[in-house]
Amino acid sequence: MVDFGIPIGAGIAFGLGALGTGIAQSKIGAAGAGTIAEKPETFGLMIILVAIPETLVILGFVVASMIMIMLV
Amino acid sequence: MEYAYVNARIRAMKSRLLDRSLLEQLINKPDLDSLIAELEKTSYREELEKAGVLFSGITRIEVAIRKDLVKTFRTILNFIKGEDAETLLTIILHRWDIQNIKTILRGKKIQANPSEILECLIPAGELDEAALIELVKQPDVKTVIDLLATWGIVYARPLTLNFKEFTDTRDMLVLEYALDTFYYEDALSTVKTDESDDARILKRMIITEIDINNIKTVLRVIRDRIDREEATRYFIKGSTEFDTEKLLSLMKTGTIEGALKQLEQTPYQFLTKIPLEYIAAERISAFEKELEKYLLKKAISQFLGDPLSISIPIAYIWAKYTEVTNIRVIARCKVAEMSEKELREALISV
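Residue numbers (numbering that gives the first Met the number 0), protein chains in the order written: chain A, 0 to 71; chain B, 0 to 349.
Derived by calculation from the structure, the hints in this document are not laboratory data.
Each hint should be verified, as a subset may be incorrect.
Derived PhoX-like pairs (lysine-lysine); straight-line CA-CA distance at most 25 Å [claimed, not checked]:
(1) A:K38 / B:K80
(2) A:K26 / B:K260
(3) B:K80 / A:K26
(4) B:K49 / A:K38
(5) B:K202 / A:K38
(6) B:K70 / A:K38
(7) B:K13 / A:K38
(8) B:K202 / B:K296
(9) B:K13 / B:K101
(10) A:K38 / B:K40
(11) B:K245 / B:K260
Chain A with its partners taken away, still in its complex shape (with noise of 0.2 Å):
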């Protein structure tokens, strides 16, 4: 009989990871865009702020494919 337990937690890893890199990358988006807005030459810099909270969803995905591993 298949575990379902295993996949979920994987889902969960994820799932939160991605919830959690959309809210921070939405309030960094926003406030970057102002930003840009009024300091154009800080475009470069914005990206790279915008882009860092990518790194807890890489993590959840990390995270959940090692919990995936464990399937097989």
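With the hints as your guide, set chain B onto chain A.
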């Protein structure tokens, strides 16, 4: 309200405010022309160029910085158009309406030249430049109030109610006090019905202003030995820390020194550090300047408050106002050929 976008823009705008070193450069300029040349390197360039078509010298600077201030305030209001914060921020901008109406009424009472009155106005509130020009054109105090009433401006109400007393006494304080009371009562009633954090931040600022106004009144009453009963009329109500009872006990001390002693346990204890010769000579202007500085410092320190709240727009409005006032002071001092020491004393250093 979503403050991330708005406050990031305002913080970016803050970075364009003149820093201390640039202000020093402006102070060290030998004359008005070099001052204008230096200002043309800053964010005032656009308005200076526009004003340069019609005006020259000090008028050019006055017109340019006034237009820049109004444009900046309108930009901030546009950022938050339709949001709850617009109502709150408008309360602050209404201060300039009150200030402008007071200036026009004072000017009309002493029959000052309309162009001179217009120079002193800052059309940053609800009354725009066209409305102010029309008000300044009126021949006397009565017609100014009538015109405000015709336009349905709320400030006409306290002025109309107190106009009879003004005609009997010819004391402008009657109308000025009526305007102040109306403004602060209206502002407090707006923020009291609002339970948000933004309203609480604004309420703190309004109460500080009320306290400062009341302390100034107490000091003036002590200096001029005005009847206490009569003086209590001029207290603005709404403060929790300095209620009428506390203000009366300050007045009962009968001397500036006594009043300052009572202020030692309050946030206004900095007044006790004013040199003794000012206290002995009862030079209220020194106290008023310190109180104004305190208000500006408190308002500008809101930049350190919650970055996702109304603190940032409030702090920016006051920081911009301080900058414009300082440029005006520098320009006026250059025209009057005042010494650097006198100029520095006249500046609002925050």
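Hint check:
no. : hint            : in the structure
1   : A:K38 / B:K80   : 22 Å, holds
2   : A:K26 / B:K260  : 49 Å, violated
3   : B:K80 / A:K26   : 20 Å, holds
4   : B:K49 / A:K38   : 23 Å, holds
5   : B:K202 / A:K38  : 32 Å, violated
6   : B:K70 / A:K38   : 18 Å, holds
7   : B:K13 / A:K38   : 11 Å, holds
8   : B:K202 / B:K296 : 17 Å, holds
9   : B:K13 / B:K101  : 30 Å, violated
10  : A:K38 / B:K40   : 17 Å, holds
11  : B:K245 / B:K260 : 13 Å, holds
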